[in-house]
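Chemist: With the working numbering as the guide, the letters of the sequence shown map in order to residues 260 to 504.
None of these hints come from the bench; they were simulated from the model. Take every hint as true, because none was put in to throw you off.
Have a look at the derived ranges for each label pair, beta carbon to beta carbon:
(1) Y391 with G428: 28 to 34 Å
(2) R447 with N364: 35 to 41 Å
(3) P321 with G428: 31 to 37 Å
(4) P307 with D421: 23 to 29 Å
(5) D487 with D426: 31 to 37 Å
(6) N304 with E343: 18 to 24 Å
(7) E333 with D485: 26 to 32 Å
(8) N304 with D438: 14 to 20 Å
(9) D485 with T345: 14 to 20 Å
(10) P307 with D487: 20 to 26 Å
(11) A385 with D323: 38 to 44 Å
(12) A408 with G387: 39 to 45 Å
(13) N326 with Q499: 43 to 49 Å
(14) G404 with G299: 38 to 44 Å
Calculated cross-link-like contacts (lysine to aspartate or glutamate; reagent style EDC-like; alpha-carbon spacing at most 20 Å):
(15) K322 with E333
(16) K314 with E342
(17) K322 with D301
(18) K478 with D465
(19) K314 with E448
(20) K314 with D435
(21) K314 with E395
(22) K314 with D491
(23) K314 with E343
(24) K322 with E444
(25) K478 with E347
(26) K478 with D491
(27) K314 with E444
(28) K314 with D301
(29) K314 with E454
Even glycine gets a Cβ: it sits at the ideal position worked out from N, Cα and C.
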Amino acid sequence: MAGHSKWANIQHRKSRQDAKRGRLFTRLAREITVAARMGGTDPANNAPLRLAIDKARAASLPKDNINRAVSRAESGGEGADLEEVTYEGYSAGGAAILLRCLTDNRNRTVAEVRHAFSRYGGNLGADGAVAYLFNEVAVFDYPPGADEAAIIDAAIEAGAEDVVSEDDGAIKVLADPRDFSNVLEALREAALPPENAEVTMQASVDSPLDAKRSGQALKLLEHLQDLDDVQDVWTNANLQPVEGN
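Let's have the full structure, built from the sequences with the hints guiding it.
Modeler: Quick look at the structure:
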C-alpha cells in the first residue's frame, strides 16, 4: 500500500489519543452533520450519511452523539454551515499530500494550510495536482498476531477484495468503499472485529524520501492533522524511520 504504512500507523495512534480527548468524536460528528445537510437525514436514501454513520459506529461514537449530529443538519445548529473542501500539495522532497477539510471559513482554512506547507518546506498545489494519485478504498486493520487464516476466510466470504500482510505482521483487509458496512458487519459476526476500520485514500505510487525529508514531511503531516478544520490527511510519502516516532 503505497506510502501507507508508517503514516497510517501514526494516524491510528493519534486517532486513539484523539478518541480519549474527544477530538476524533468531534470530527466524526461534523462529518455526519455535513452529509445529512447535503443529502437528507435518512441514511437509507443518503449513501454518504450512511457511510459517515458506519465510520462513527466503527470508532465507537455513542448513538446519542450520532443522533445529535444528524439533528443539527435540520435545526441549523453548530456545524450546519460547514462545507467540504480539499487541498493538494507537496512535502519537502516532493511527496504528494491530499487533505479533506470541513470548514465554515475557507479563507481561514486555506491560510492555515498554506502556512503549514510553507513552515515545513512544502508547497500548496493547484486543484488536481495530486488527487489523481489516490484511490478510495475501505481498510480494516488487525494488529500483529491476529489469526490471518480466519481473517482471510471471513473477509473473502464477505466480499473483500484483498488481504495484505505487512512486514511487522499486521494485517489489512481491503474492500470496495461501497462494501464497507457489509464487510465490517461480517467481520464482527465472525468474532474478528478490526482494530481500525475506515474508508481512506490509497496512493497508487510511492514517493521515497530520505531521512531528512522524512522528518520534515512527518512534521508537516502531523501539523496538518492537528488543524481544527482538517478531517483527513493522505500522502504517498515512503517515510524513513524518524527518531521519536
